[in-house]
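Sequences listed follow chains D and Y, in order.
Going from the first sequence to the working numbering is simple: count from 1 and add 90.
Going from the second sequence to the working numbering is simple: count from 1 and add 3.
Keep in mind the hints are simulated off the structure, nothing from the lab.
Here a beta-carbon is modelled for each residue, glycine too, at the ideal position from N, C-alpha and C.
Check the hints yourself; a few may be wrong.
Stated by the list, open to error - Distance condition first, Cα-Cα at most 25 Å in a straight line; then the derived SDA-like pairs of lysine to any residue:
#1 Lys-684/D - Lys-125/Y
#2 Lys-346/Y - Lys-740/D
#3 Lys-346/Y - Tyr-688/D
#4 Lys-346/Y - Glu-349/D
#5 Lys-260/Y - Pro-623/D
#6 Lys-346/Y - Asp-407/D
#7 Lys-735/D - Glu-73/Y
#8 Lys-97/Y - Tyr-688/D
#9 Lys-595/D - Thr-338/Y
#10 Lys-696/D - Asp-348/Y
#11 Lys-684/D - Leu-13/Y
#12 Lys-703/D - Glu-73/Y
#13 Lys-703/D - Ser-344/Y
#14 Lys-740/D - Val-259/Y
#15 Lys-684/D - Asn-102/Y
What the hints assert, rightly or not - Restraint-style ranges between C-beta atoms, simulated for each label pair:
#16 Leu-290/Y - Lys-740/D: 33 to 41 Å
#17 Glu-116/D - Phe-233/Y: 35 to 43 Å
#18 Lys-740/D - Phe-233/Y: 27 to 35 Å
#19 Glu-189/D - Phe-233/Y: 33 to 41 Å
#20 Arg-232/Y - Asn-571/D: 28 to 36 Å
#21 Phe-704/D - Arg-103/Y: 17 to 25 Å
#22 Ile-711/D - Ile-141/Y: 53 to 61 Å
#23 Arg-232/Y - Ser-140/D: 54 to 62 Å
#24 Arg-103/Y - Glu-189/D: 30 to 38 Å
The primary structure of each chain is shown beneath.
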Amino acid sequence: MPRIGVFVCWCGSNIASTVDVKKVAEAARDEPGVVYATDYQYMCSEAGQSMISKSIKDHRLTGIVVCSCSPRMHETTFRKAAASAGLNPYMVEIANIREQCSWIHKDRTEATEKAIVLARAAVAKLNLNNPLTAGEIPVVKRALVIGGGIAGIQSALDIAEAGFEVDIVEKSPTIGGKMAQLDKTFPTLDCAACILTPKMVDAARNEKINIFTYSEVESVSGFVGNFNVRIKKKARFVREKLCSGCGVCTEKCPSRKAENEFNEGLDNRGAIYIPFAQAIPNVPVIDTSSCLKFKTGKCGICAKNCPSGAIDFEQQDEIIERQYGAIVVATGYKLISLKNFDEYSYSQCPDVVTSLEFERIMNAAGPTKGQLLRPSDKTHPHTIVFVQCVGSRDTSGRGKPYCSKVCCMYTAKHAMLVKEKYPDAEVHVFYIDVRTPGKNFEEFYRRAVEQYGVNYIKGMVGKIAEKNGKLIVQGSDLIANEQVVIEADMVVLAAAIEPDPSARKIATMLTASIDTNNFFTEAHPKLRPVESPTAGVFLSGVCQGPKDIPETVAQASAAAAKVICLLSKEKLLSNPCVSHSDEMLCSGCSNCEKVCPYGAISFINKTFKFAGKFEIRRVAIVNEAICQGCGACTVACPSGAMDLKGFTNKQILAEVDAICR
Amino acid sequence: MQRVTELNELMRKKAQMLLENGIVNRIIGWKKGEFIYDRTPAVFQDSDELSKLIYDGFCGANLSKYLIQESKKEGKILALLKPCDTYSFNQLIKEHQINRENVYVLGIGCPDMIDINKIRSKGFKGILKIEEKEDELIIDTLYGQKRIKKEKALLEKCLSCKGKQHVAYDELFLIDNMISDNGSINRSMPDCEEASGLKKVGIASRDSRPKKDPYEMVEKIEAMTPDERFAFWRSELSKCIRCNACRNVCPACVCVKCIFDNDRSGIASKANTDAFEENMFHIIRALHVAGRCTDCGECSRVCPQQIPLHLLNRKIIKDINEFYGQYQAGADTQTPGPLTSFKHDDVEPYIIMRKGGHK
């Protein structure tokens, strides 16, 4: 006979203020199998846990239900407490009466009623629980970093520093990411290249780091400690081993029409190109969409001029299959498309540029060699208007509801750089709020206003129109309570940032969660900020939320630390809540095998004696070391032969029945 | 009827030859049942038994499912499969239910199958004989001769026929031009001697009759209000006597032990003890065969209460086509099933929830 104990937590006032915890404990006492029920202010505290342990011994409990917060929060805590009293940790059930009850209800009667129902469901399930034992799984001592920007590079360097192998997979032809495109960095105004490129070189030279550029993650299977990843190395049409990086091919290429992505399309590049001089690897790539050889079959000038015979038009995409123990996601960001913001005339006026384009214009290695020139007529602009929050903090649905976090500071930086180079320039900044929470940030912004005389106008721009070579910027000044019209030569839009479009696909492959804005979700917003809820997947940089460089680097190192903790373990405890196939019910249809994301199911032909006859049947078997207990097979199985230990069909139905009772 | 007799003769000869050549050791086909329009699936072991083999417009029964058990036995069995039966056959191969090596599939032409219930629903009683004459059926009854247009008496599945091409076969037979679906003339026949005879009596491989949209009725039900829809299904499903004929005939119902027969499943029950049972049995069954149902229509054909069960399956097929792209279960043995495969461009669950049966 089961002897169940029910422990109702107040969670301070979190639960107790909306749920009558005494009443819940009282009601639970009447449930089948329950021999003891009580409540306590903080069940997760030392005192609470001791109470649980003591009760298990005193009342000879065979299982416990803890009515508290989400199992994500403290299931492990209570399992440990149970284990310390000699109870199998899988004889613990959590009834979530906080997130799913007290936090979402206002009415005390309703919330209490629901908490009782949830407790009842947990008891019904526990009555059918069986003790389970965790096994052990080995850990592959290698990490994968997806994305080769500053976040990915920093994570890789730190992991390699601890002595583990790391692979960086970068989809573009070079590592460096967005930071490589930046000119100076706030709040110190040191140049981005000077601090980034040495790190790129460090990564490239590090024996432990393997860089796959122009490559994409094709598929991910497996689980923490044992991920199986297929990486597609796209054909560069240049043999990396032979190429000396002399750049002759890029100079000789007759095609000059392709937009230079690195310069944000402000100038053109050849069909064979190296994104920028400090690229790593310093190996060109052929863009087949603009290459004459690929388009017409005629040309091949690069191949003729290459001194080392590295050009290979026949090169094919290559699939590399590798195992990893941990994966760091560092997929970064991009600026949003401005197609929903016609009022800024971005698509009509070449002199209305995005902040990233402005970075390139100001950059010594950029299309204007660092001279501030208008894209339209290559003249020096005298009056420049910066517009902040273009698509950020936008609740109209055209842009993003969040704050992009970096724009206030880089706009102050841009304004200051302009004034520094061209002191006679007139610089106006339209803003909603100036947000400077960071070390030396406020001081930096004040310098722009006080020392450089940048004109900050609180208000938004309503319209930008071109007239006689000038940009007429109409906006409102909320402090002066008047409309302002500025005749500008150039306008810079601080466009919102959003996760790189690859994030969604990668999240799906990793079964990692993302939020409504496609930012990766952390396992806990406060206590586990660099871990994804999916075990073995860690988050680095803007893929998790808008960040500046110092924050990105800090998070990258934090993610690396988490990876190192994982990789330094010899074995991991496996989850015993795995699938199991009842061969007497299995008809061998393979539905389970097809839906299994881990490849844990295989089939054998087995002889059965049925009604006095022998019959060979194809039946499913589950590799428990590979199964992650996702339960997909149990729903795909029509006969119910597949069942999940700890979450059996019967247990789930018992919960449903208890709720509907 | 001359044509049918001739056809049957040819088919028997063909089967006999395959038996004698040792290619197969038995044949699964149809024999006469209790009433003149009953055709029962039957296994024939030798030439004597073969004289009972019959093939005509009443042989609607899909023989594929019988091959699950038959293909486990010793030796090869000759299976006479109509074009639409081969979809079920493929699906069963895909699900590892049929041992392909033990089956010799003779793809036979289909003259469209007659639904006796449709004839009876016209009020014709005491049926003695049914003959096909051009596009009409001539029905001799105790109360005199009646006539009905053939297209008014066809099985629901034939009205929206999937086509006269077989998607799986070892050999094609009784098809006028003997053209296989890839357009090439099938030369895999071990016997070409009869080919000349075939041409005269074969069954057209191309169908010119306009097809009925299989989802016409589904759309009508979708257009109902939730209350109307509930009432519709409640009234249909409450006719169910839980005879399990639909389940037993369904080529997608292949479980070693059906959950409805498994005491431990929590939903097993033999009798329709309450309203929930009769409603949910069919809905659970439809969901269990979702993505695997070839729309062979056997469930509705065998239902003694004439519940239009195929509509549940068609609703699911229609949704699958809309959500995951056109898919025909059993069209081949390779294509991953829409519900057991995942693609990055699969429809998001919230779209399904939002749509929920409403346009």
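Results for each hint:
1. The suggested pairing of Lys-684/D with Lys-125/Y is violated, with an alpha-carbon distance near 47 Å, which exceeds 25 Å.
2. Using a Cα cut-off of 25 Å, the hinted pair Lys-346/Y and Lys-740/D is violated, with the two alpha carbons roughly 31 Å apart.
3. Between Lys-346/Y and Tyr-688/D the CA atoms are separated by roughly 16 Å; this keeps the pair inside 25 Å, and the hint holds.
4. Using a Cα cut-off of 25 Å, the hinted pair Lys-346/Y and Glu-349/D is violated, with the two alpha carbons roughly 32 Å apart.
5. For the hint pairing Lys-260/Y with Pro-623/D, the CA-to-CA distance comes to about 38 Å; that exceeds 25 Å, so the pair is violated.
6. For a cut-off of 25 Å, the pair hint linking Lys-346/Y to Asp-407/D stands: about 21 Å separates their Cα positions.
7. For the hint pairing Lys-735/D with Glu-73/Y, the CA-to-CA distance comes to about 36 Å; that exceeds 25 Å, so the pair is violated.
8. In summary, the hint linking Lys-97/Y to Tyr-688/D is supported, as the alpha carbons are separated by about 21 Å, within the 25 Å threshold.
9. With a C-alpha separation of about 23 Å, the suggested pair Lys-595/D and Thr-338/Y falls inside the 25 Å cut-off, and the hint holds.
10. Under the criterion of a C-alpha separation no larger than 25 Å, the hint pairing Lys-696/D with Asp-348/Y is inconsistent with the structure, at around 38 Å.
11. Restraint check for Lys-684/D and Leu-13/Y: the C-alpha separation of about 43 Å exceeds 25 Å, so the hint is violated.
12. Our distance criterion of 25 Å between C-alpha atoms is met by Lys-703/D and Glu-73/Y, whose separation comes to about 15 Å.
13. Of the pairs offered as hints, the one joining Lys-703/D and Ser-344/Y is violated, with about 36 Å between alpha carbons and a cut-off of 25 Å exceeded.
14. With a C-alpha separation of about 20 Å, the suggested pair Lys-740/D and Val-259/Y falls inside the 25 Å cut-off, and the hint holds.
15. Our distance criterion of 25 Å between C-alpha atoms is met by Lys-684/D and Asn-102/Y, whose separation comes to about 20 Å.
16. Hint check: Leu-290/Y to Lys-740/D, Cβ distance near 19 Å, so the stated range 33 to 41 Å is violated.
17. Glu-116/D and Phe-233/Y have their C-beta atoms about 39 Å apart, which keeps the hinted 35 to 43 Å range intact.
18. Checked against the given bound of 27 to 35 Å, the beta carbons of Lys-740/D and Phe-233/Y, roughly 29 Å apart, stay inside it.
19. Here the CB-CB span from Glu-189/D to Phe-233/Y is close to 34 Å, well matched to the stated 33 to 41 Å.
20. Here the CB-CB span from Arg-232/Y to Asn-571/D is close to 59 Å, at odds with the stated 28 to 36 Å.
21. Under the hint 17 to 25 Å, the C-beta atoms of Phe-704/D and Arg-103/Y, about 22 Å apart, fit the expected range.
22. Separated by about 59 Å at the C-beta atoms, Ile-711/D and Ile-141/Y satisfy the suggested range of 53 to 61 Å.
23. In this structure, Arg-232/Y and Ser-140/D meet the distance hint of 54 to 62 Å, their C-beta atoms being roughly 57 Å apart.
24. A beta carbon spacing of about 52 Å between Arg-103/Y and Glu-189/D contradicts the range 30 to 38 Å that was offered as a hint.
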